[in-house]
Amino acid sequence: MRDKEMTSPDVRIDETGATGVRPLLEIRDLAITFKTGSGEVKAVRNAHLTIMPGETVAIVGESGSGKSTTALAAIGLLPNNGKVSGGQILLDGEDIAHASEQRMIELRGNTIGMVPQDPMSNLNPVWKIGYQVRETLRANGRPSGPDDIAKVLSQAGLPDAKRRANQYPHEFSGGMRQRALIAIGLSCQPRLLIADEPTSALDVTVQRQILDHLETMTNELGTSVLLITHDLGLAAERADKVVVMYQGRVVEAGPSLELLRNPQHPYTKRLVESAPSLASRRIQVAKEQGVETADLLAPAAETVKPETFLQIQDLRKVYKLRSGLGKATDFAAVDGVSFDVRRGTTTAIVGESGSGKSTVAKMVLQLEKPTDGRILFDGVDTSALKPAELFKFRRRVQPIFQDPYGSLDPMYNIYRTIEEPLRVHKIGDQASREKKVRTLLDQVALPQSAMQRYPNELSGGQRQRVAIARALALDPEVIICDEAVSALDVLVQAQVLNLLADLQANLGLTYLFITHDLAVVRQIADHVCVMEKGRLVETGSTDEVFESPQQDYTKALLNAIPGAKLMLPPEVA
Amino acid sequence: MIRFILRRLLQVIPVFIGTTLLVYYMVFALPGDPIAALFGDRQPPQAVIDTLRSQYNLDQPFWVQYGLFLKNLFTFNLGNDFTGQPIAASLARVFPVTAMLAVEALAIQAIFGVAFGVFAGLRRGGWFDSTVLVASLVVIAVPTFVLGFVFQLVFGVQLGWAKPTVGANANWGTLLLPAVVLGLVSFAYVLRLTRASVSENMNADYVRTATAKGLSRPRVVLAHILRNSLIPVVTYLGANLGGLMGGAIVTEGIFNVPGVGNKLYQAVLRSEGPTIVSIVSVLVLVFVVANLLVDLLYAWLDPRIRYDQ
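As given, the protein sequences belong to chains A and B, one line each in that order. Taking this note's numbering, the leading residue of the first sequence gets -7, the next gets one more, and so forth. Taking this note's numbering, the leading residue of the second sequence gets 4, the next gets one more, and so forth.
Here chain B stands alone, though its shape is the one from the complex (with noise of 0.2 Å):
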């Protein structure tokens, strides 16, 4: 087991080489200067340019800007964004906010996605099974920027129950209520896989010889059901988290959540190179670390796959 998880590591390496690559090599070929961009309308002194550009290390070829910048990464100096600010401390601002809320987001989707998917799929065919498969089909269809805007009108401005934005204040009392419309649409995917998985392995073998065995219902469900019926569903939710983490713009747009989402889409519209791929770089490592639990996950669930082989 611990070969496997030193291995897996092992290829975060060139994991992270390719992605920042690309990513780096995509803001380079931007149209447009992020100099020129930086004054506005004015035209500044060429001196200036000049100045900012060697800052930045803008006059240099890409393998070199590239370099320098791997470099950087590799002694924890990020450097400073287009604006002066440090990037690591605007990255140390940001990530919490996001992680907190991507976790509570997936924590309702794990939670009463599993829960109401358990119920639906041991009464198919039931009122509970019927309703909430149209109220999931309906939170699919919907898109999440409509969504969005729903839930903050109501819950936050007619209602009163949260408020409408989170600004500066990010806790996860404040952050409730995006996690909610963040986890939605997963939710229903997550329920609907529940449900299937459930209702399939209901009529199992092994779930029939466990009741004839005198086991109370609830244990067969939770014993015999519940855990292989989780198998699929725990793909689904780790490779949700990586989502959640990086891509939350809507989400955090809406509510004004001072986030990953929003600080990525800033640096993106200014085209600020360091800034885009650090984040960038971060996420390859979520990704990467949320992938590896999902497969010790695995294969605590299913004893059958073995990862030493």
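So here's chain A without its partners, still in its complex pose (with noise of 0.2 Å):
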């Protein structure tokens, strides 16, 4: 098994530590355990880390790999199930791995800060931002006067911070409250601060803000920061030093560049080719599939006719917002859209959230009304169909969602979540459903046994080939992926995507695919359409965006992928 290779890692253990400075953060054989219903379970093992003043050390690795638990036991915040094991966290020489309670209250907040993932449920929503700032002040016996939080607050970058101070939670935009995290994270400026995927969870322009204004600030102040990212492209960018974890194992570790060029251990060598950076190209599964490889390499548009399947029309989408005074204002989320779909090919709408990209996919898929407009579909106007008419169009085109955990009913088993839409169109009689079910988990690489399984008893990749296999089931023309590889690992990503690729090829699929992730566009489609506020605001063949991008929006698009600017040995890119 793979696993047999990762025991047996080439750990290279950085001790660039000079003489007479003590590093600040030193992780020693560290060993997690976490007690389970079915026994215990080792989390991570002999992990070894180690961070000077002032440096910046990424971990880097997927869901499940240790990772954040690491990061965590290195503030005491373990879940209550988890203890650490065995092995040492020495934070300027004083073990605290087994420290007291009362020690570890002391530590957090002035020591060690940390900044979470989601800004949008690590702020308690029942509190002012302010009242957030202050109860962390005050518990780490600093001023927490207005205007010491008003100053906390506008050096996050966060402006107008004495009225934002007043605000809660909800009024503040996701950018806003990873600031306000920020701002909270590093109020006692603490020594260390660890900083769990900071921006993962938000728009790349505004992540690159961040991650910028986080950059100056702890350099201003000479804090050491442990960055945790599933993205090696983030990590290299951003740290001195990157550590790569896999499943509960520091299995590399090294200066960023360096490891980055030169990866030692296979794991690290896959995620380095997997990073979905912009050297990707679209041929990643001719790749792998050698003969195959020049039908492939041709364009999809012609191996398949080339003719437009799909023609969205000068589309536009108005919601009524009400104001205060019951007064209600027209909101423009999608405004004068029009863009062909041709038959085989796949084409990529990206923008950030609100830019009205999902709506356009909505509408498309008949969930949404168009306020104005036209869709196309086959020739045919979409919105003149009769409700028998649409039934038979909802047989032809399929969605994939973005969330595999929630778009699978926990309560219906593999089989008849898949085998769900055929009875639903009433196609075949039991055993050719069966049948069917079999072909399509063996398309999208699932076992058989799956079928009896439950959706909590699958991976997040998993699961996603599940959506692909229901999605297939009706023999589609069209499918349209709404995110459909965001919520995965890297990895996983960069098979699910594989698996669509190939899908594409055999069965001559089209493709509408709604990212924001401009990295998965590259990998993926043949023509580019971006969203700004509604509008678009370029369009092109794939290579064309890229490389010569036109918009200013677009060239900050491209800017803010993490990575970008690296420079990666050609073998790798």
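The set of hints was computed from the structure by calculation and includes no laboratory data. We treat Cβ as the ideally placed atom computed from N, Cα and C, and that holds for glycine. Treat the hints with care, since some could be wrong.
[Stated by the list, open to error] Distance ranges between label pairs, derived from CB positions:
#: 1; chain 1: A; residue 1: 415; chain 2: B; residue 2: 302; range: 41 to 49 Å
#: 2; chain 1: A; residue 1: 499; chain 2: B; residue 2: 136; range: 29 to 37 Å
#: 3; chain 1: B; residue 1: 242; chain 2: A; residue 2: 112; range: 25 to 33 Å
With the hints as a guide, dock the two chains, each given alone in a separate frame, to form the complex.
Okay, structure coming up:
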């Protein structure tokens, strides 16, 4: 098994600590165990890590690799069923692996700060922002007057901080909340800041601003940063050193660029290869399939008839927003969008949240009625469809949604989930439906044994495969993927993208791909439509848009991709 | 906020007319003649019956009776009941007693329910949690009249800690035992609600962040777990207050409390329309005000809830 090669890792533990300078944080031989229903699980084994004062170190790994667990142990916030079962966590020479809760309360905030992952859930919705800053300052014995609070907030880049301090979290945008959380994390000027995926929930352009600001602040204060991320590009761009974790172990560690250019461990190599950086091209599938390479290398549009399949004409969607006095104002979520999708190709709609890209997808799926404009599907205006025709239309256009946890019914087993569309559309009998489900499972590379399982017994990638199988059940011609791979880890994401590309090649599918992730676009799309605030700002073939973007907004989006400016060796690219 | 309160108070009008009309009609449609029942086995002279009938407007059609009732209500002249007592005076006697009982029961539920619930929720699976869960299940399973008689017997008669019945001298002390019985079932629900809510909120991301900020454990619990956990509990308590005011018939019966429940029960037995509808009118007001308070408390507990849109 693969596991075997992981157990003999070529760990390059960094020992750059020059004589005389003591590391701020040193993790030695750390082991963390979780008590679960089925016995003890070792989440982290033999983890090593050194952070010098003022240094930024990133831990990279997929979910379940133990990266967050390691960081949480350093601030004494392991979940109740977890405990440090071996090794040391030395903070400035003091072992805090088993420190008393009282000691940890002294250290938290003051010496070790934290910026958590999800800005939506990490601020208490019932307290004002200012209050949440004030209690931090107070708990750590610092001045906590209105001016001190405003100062902390404005240092984190929050404009108009005095007024903002009086608002509640729900009155803040995601980026502003993350700034508030950074303000809280750094308010007591800790010597070490643990930043756990601090921007993974934000749009790329906001992500970049926030990370830039965080970097400036920590440089000014001389704070050491332990950055947790699943994104190797981001880690290499922001950190001095990178530590790669896999299945609870540190498999490789070293200076960022060196590690990226010359990865030693097989897992790191795979991670570097599938990092959705700008360099990756649409031929990944081809590379792996050898013989068929030539066919696949030819543009997909030429292997299938390049007819226009889906025409979006001047599409508009206006929502009525109610203001305080009961007057309704119009808000155009989608404003005059036109583009064509050709049969057998992939068109990506790119934009930040609020750009209207998902609204377009919903209108194409006939889940929302357009206010204005037409959607022609195979030459027919979809708004004129009668209920019976609409039912037939749904058979030909299927969606795959972002969240594989939310889009599968937890009470349905996998067989029932995939079979349901067939039953709804009254296709075949019991036996032929079962045969179809088996074929579909083969197509998405899931074992037949998965049929009897339930969604909670599958991993995120497997669930998304189930969602794909369900979408394919009706032999649709168009599949609309609304952020279909955004919730997945990098390696799983690459697998699912490969699967989608394979299916397109074999079944001649047409994809409309909604995403905020330009790196994914590069890998899968033939055409790109860039949306900003409800308008289409740029369209073109993927190569055109990536190589010579015309609009400032597109350039900003491209620049914001983490790792975009890193130099990679050609064989990796 | 003021607009919201005004709008809510205006809603009282249709609710009030609807409920009183319904109740009045149900009393009107009850089989049997209330005047005949008044005289028991004796057969009064027809003239007396007719006089009584016109005195209580019983000879009028339904709509006229109801209209006269409303008119009297708005002129604060509730009239007399069938025993000749002014209804207003008897309401003034029974409502304070029930209000005292309800407030005492509510306080017991809220204070002990929330406190026990928080402790159980924080240490889910611990001995306190397990004990309290089983005990609360027993309390929920045993009907109030059984619980009432057992408490009366054990604490009132055998141990002598409290007076077994309340009778005429209703005060906070004598009402404590019935209040405990009355509050016990809801106490169990409040406890379970708080426990579930607390143990769910304990794992919220913002609680972990609060701990990471360096806050002490009690602060984290009070400011970040408790307040967020109270939202479902407050809904339940608010809805319960209305029930406590009107529905204490069993408990008031066992402990002989001269309250609304008792009065209502007797009025129903005698088909005394005016008394029943008067009590119901007051209860409607209590319900509406209690719900309004719950909504205001909501907005205070959760600032995301805004009523002015």
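Hints versus structure:
Taking the beta carbon of each, residue 415 of chain A and residue 302 of chain B are about 46 Å apart, inside 41 to 49 Å as hinted. A C-beta distance of roughly 55 Å is found between residue 499 of chain A and residue 136 of chain B, which places it outside the suggested range of 29 to 37 Å. In this structure the supplied range 25 to 33 Å holds for residue 242 of chain B paired with residue 112 of chain A, their Cβ-Cβ distance being about 31 Å.
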